[in-house]
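Enquirer: Full structure from sequences and hints, please.
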Amino acid sequence: MDAKKVKGLLQLGTVKKIIDFFMEPLKRENEALNACLKEVGEKRDKALAKRAQFKPGKTYLTSWSEDDRYVDDRFYQKKLTECYDKNTRSRKAMGLP
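Numbering-wise, the sequence shown is residues 1 to 97 according to full-length UniProt numbering.
Incorrect hints may appear among the rest.
Straight-line C-alpha distance at most 20 Å; calculated EDC-like pairs for lysine to aspartate or glutamate [stated by the list, open to error]: (1) Lys92 - Glu24; (2) Lys86 - Glu31; (3) Lys38 - Glu66; (4) Lys79 - Glu39; (5) Lys50 - Asp73.
Keep in mind that the hints were calculated from the coordinates and are not lab data.
Expert: Dropping the structure here:
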């Protein structure tokens, strides 16, 4: 092989390692964000399904669950925002959108 080709391949390998170094935290962060969003969505679906069982105008005595708060749109939006804030720190630190 030509010395220039070897040098080019080494530089390319170095660039790839640098890119991988920065991409790995972003990949992990993206996986954590997706897991968080999925969990919040499942809790919301569960709360909405539970609420759909009740007829309006009737009084029911049931046990209250933390997950029942996900029916409220403001609480649900707050939880989604928390997921994004918690799982986008690396992106913000790198100046990425």
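Enquirer: All the hints need checking, so say for each whether the structure fits it.
Expert: So, going through the hints one by one against the coordinates:
At most 20 Å may separate the alpha-carbon atoms for a hinted pair to count; Lys92 and Glu24 meet this at roughly 15 Å. Distance check on the hinted pair: Lys86 and Glu31 sit about 12 Å apart at the alpha-carbon level, within 20 Å; holds. Our distance criterion of 20 Å between C-alpha atoms is met by Lys38 and Glu66, whose separation comes to about 17 Å. Annotation: proposed proximity of Lys79 to Glu39 holds, straight-line Cα distance about 10 Å (limit 20 Å).
A C-alpha spacing of about 15 Å is found between Lys50 and Asp73, which places the hinted pair at or below 20 Å, so the restraint holds.
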